[in-house]
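Take each chain as given, in its own frame, and dock them per the hints.
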Amino acid sequence: QKEVEQNSGPLSVPEGAIASLNCTYSDRGSQSFFWYRQYSGKSPELIMSIYSNGDKEDGRFTAQLNKASQYVSLLIRDSQPSDSATYLCAVVRDMAKTSYDKVIFGPGTSLSVIP
Amino acid sequence: DTAVSQTPKYLVTQMGNDKSIKCEQNLGHDTMYWYKQDSKKFLKIMFSYNNKELIINETVPNRFSPKSPDKAHLNLHINSLELGDSAVYFCASSQDLDSGEQETQYFGPGTRLLVL
Chain X
6 QKEVEQNSGP
16 LSVPEGAIAS
26 LNCTYSDRGS
36 QSFFWYRQYS
46 GKSPELIMSI
56 YSNGDKEDGR
66 FTAQLNKASQ
76 YVSLLIRDSQ
86 PSDSATYLCA
96 VVRDMAKTSY
106 DKVIFGPGTS
116 LSVIP
Chain P
113 DTAVSQTPKY
123 LVTQMGNDKS
133 IKCEQNLGHD
143 TMYWYKQDSK
153 KFLKIMFSYN
163 NKELIINETV
173 PNRFSPKSPD
183 KAHLNLHINS
193 LELGDSAVYF
203 CASSQDLDSG
213 EQETQYFGPG
223 TRLLVL
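Residue numbers (our numbering), protein chains in the order written: chain X, 6 to 120; chain P, 113 to 228.
Isolated chain P, as found in the complex (with noise of 0.2 Å):
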């Protein structure tokens, strides 16, 4: 079974519509996260989950929304899809975030963004 599943894969949208993605963990971990990764490959994180209470927003433009129904699921919807928008998205879930081998991340797939 996947640990840590995300849909869609591919994504390929106009400028300017709405989408989201979709991210399931199913190894009862506490904390989700939500990577971007460019074309040079910089992995930067963008917002971070623990029970469903978000405790990490990086400088993200706000047309980016992450919603957490139960700690199990992180979704990312984002509004008016820009050029720059195009990346990887990587969801990622870790046991907890304030000690040691409990930080460990484990990635889902990835859903690779294109906007045209």
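Extracted from the complex, chain X is given alone in its bound form (with noise of 0.2 Å):
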């Protein structure tokens, strides 16, 4: 099982939809959790960091974390062409007798929202 786990997509919604990304993890000990969009051509930026279960809102933008399930999701109302890009699902797990933790990356989501 790889440690963290996204589906590639592509995932093509339609403009003003919603597109629900989602994201597994195996270490049941992790404790943050990110969201980076890549667009083709650029480099990886962050878009939501969550912490704790629940939701977390911010503007057009919701993560959701079960950390029973294991699982993390983003969701993007209103979904505008300008959304089409790789999202990353990261996470960091602390790693044994050392104070530092790593950050794994997922394979990244390829969303298309189609006008």
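Any given hint could be a false lead.
[Said to hold, decoys possible] Distance condition first, Cα-Cα at most 25 Å in a straight line; then the derived DSS-like pairs of lysine-lysine:
| id | chain 1 | residue 1 | chain 2 | residue 2 |
| --- | --- | --- | --- | --- |
| 1 | P | Lys-153 | X | Lys-7 |
| 2 | X | Lys-72 | P | Lys-156 |
| 3 | X | Lys-107 | X | Lys-7 |
| 4 | P | Lys-131 | P | Lys-152 |
| 5 | P | Lys-148 | P | Lys-183 |
| 6 | X | Lys-47 | P | Lys-148 |
| 7 | P | Lys-183 | P | Lys-164 |
| 8 | P | Lys-134 | X | Lys-107 |
| 9 | X | Lys-47 | P | Lys-121 |
| 10 | P | Lys-121 | P | Lys-179 |
| 11 | P | Lys-121 | X | Lys-72 |
| 12 | X | Lys-72 | X | Lys-7 |
| 13 | X | Lys-107 | P | Lys-183 |
| 14 | P | Lys-156 | X | Lys-107 |
| 15 | P | Lys-131 | P | Lys-121 |
[Unchecked claim] So these bits of chain P aren't anywhere near chain X, every CB distance computed over 12 Å:
| id | residue |
| --- | --- |
| 16 | Asp-130 |
| 17 | Lys-164 |
| 18 | Pro-181 |
| 19 | His-185 |
| 20 | Gly-196 |
| 21 | Asp-197 |
| 22 | Thr-216 |
In case anyone wonders, no lab produced these hints; they're calculated from the structure.
The C-beta atom is built at its ideal place from N, Cα and C for all residues, glycine as well.
Below you can see the structure in the form of structure tokens.
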């Protein structure tokens, strides 16, 4: 089992619809979760971070975390063509025997918003 | 001002050559990283440094050698380049690497390496 998994897509949604992106992780001790957006040919940029169970909203974006089920999701409301990008889920895993954590990225989900 | 910068942006070279990529961050962060993103867009960590100390060294061929002269710089030297090294290499930094929001990654623009 891969440490962080995402549906590779591509996920296509019509403009104005809700896009739902999912991510599962294997390490039950993970504490920090991030969603990054990467446009083609560009570098990843942070959209949302979430640390506790439940929902976190920021504008059109809502991150949802369920640690018991080991999944984190990102909802994009009123999807726009400018949201078309690859969305990367990142999970921070506590490294045993060190005081440091390790960031592990999922393979990304490609989202296409159709006008 | 660019927060995380990398040079060069593009690098085309022959198999067997040695090349270096430089990275600098002006965010005052303590932790810097090198990631490799392959043609399938999978982003994989290679190295992580905290205050010039190597803390993460993934299963990377020893042809890859990072060097951090100070906490604002992390360079990557690659010896005897191979075709499979072709990828986009991203440098990133974070404030720290042991607590929540401080682990947010700030990425450089990437270096597109093509080995012929």
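Now for the hints, and whether the structure bears them out:
1. In summary, the hint linking P:Lys-153 to X:Lys-7 is supported, as the alpha carbons are separated by about 16 Å, within the 25 Å threshold.
2. Between X:Lys-72 and P:Lys-156 the alpha-carbon distance is near 23 Å, which keeps this suggested pair within the 25 Å criterion.
3. Restraint check: the Cα-Cα separation between X:Lys-107 and X:Lys-7 comes to about 15 Å, which is no more than 25 Å; the hinted pair holds.
4. Pair hint P:Lys-131 plus P:Lys-152 holds up; C-alpha atoms about 23 Å apart against a cutoff of 25 Å.
5. For the suggested pair P:Lys-148 and P:Lys-183, the alpha carbons sit about 21 Å apart, so the restraint of at most 25 Å is met.
6. Distance restraint check for X:Lys-47 and P:Lys-148: the Cα-Cα separation of roughly 14 Å lies within the 25 Å cut-off, and the hinted pair is therefore satisfied.
7. For the hint pairing P:Lys-183 with P:Lys-164, the CA-to-CA distance comes to about 5 Å; that is within 25 Å, so the pair holds.
8. For the suggested pair P:Lys-134 and X:Lys-107, the alpha carbons sit about 22 Å apart, so the restraint of at most 25 Å is met.
9. For the hint linking X:Lys-47 to P:Lys-121, the alpha-carbon distance of about 11 Å falls within 25 Å, and the restraint holds.
10. The hinted pair formed by P:Lys-121 and P:Lys-179 meets the criterion: a straight-line CA distance of about 19 Å does not exceed 25 Å.
11. At most 25 Å may separate the alpha-carbon atoms for a hinted pair to count; P:Lys-121 and X:Lys-72 exceed this at roughly 39 Å.
12. Note on X:Lys-72 and X:Lys-7: the hinted pairing holds, with a Cα-Cα distance of about 17 Å set against a maximum of 25 Å.
13. The suggested pairing of X:Lys-107 with P:Lys-183 holds, with an alpha-carbon distance near 18 Å, which does not exceed 25 Å.
14. Taken as a hint, the P:Lys-156 and X:Lys-107 pair is honoured in the structure, with Cα atoms around 11 Å apart against an allowance of 25 Å.
15. For a cut-off of 25 Å, the pair hint linking P:Lys-131 to P:Lys-121 stands: about 13 Å separates their Cα positions.
16. Against the 12 Å criterion, P:Asp-130 stays outside the reach of chain X, whose nearest CB is about 25 Å from its own CB.
17. Consistency note on P:Lys-164: stated as away from chain X, and its beta-carbon is indeed over 12 Å from all of that chain's, at 14 Å minimum.
18. Distance to chain X confirms P:Pro-181 as a non-interface residue, since its nearest Cβ pair spans about 21 Å, more than 12 Å.
19. For P:His-185, the shortest C-beta to C-beta distance to chain X comes to about 18 Å, beyond the 12 Å cut-off, and the non-interface label holds.
20. For P:Gly-196, the condition that its CB be more than 12 Å from all CB atoms of chain X holds, with the nearest at approximately 18 Å.
21. Every beta carbon of chain X lies more than 12 Å from that of P:Asp-197, the smallest distance being close to 19 Å; the non-interface claim holds.
22. With a minimum CB-CB distance of about 5 Å to chain X, P:Thr-216 fails to clear the 12 Å threshold, and the non-interface call is violated.
Hints 11 and 22, counting from the list given before, are not met by this structure.
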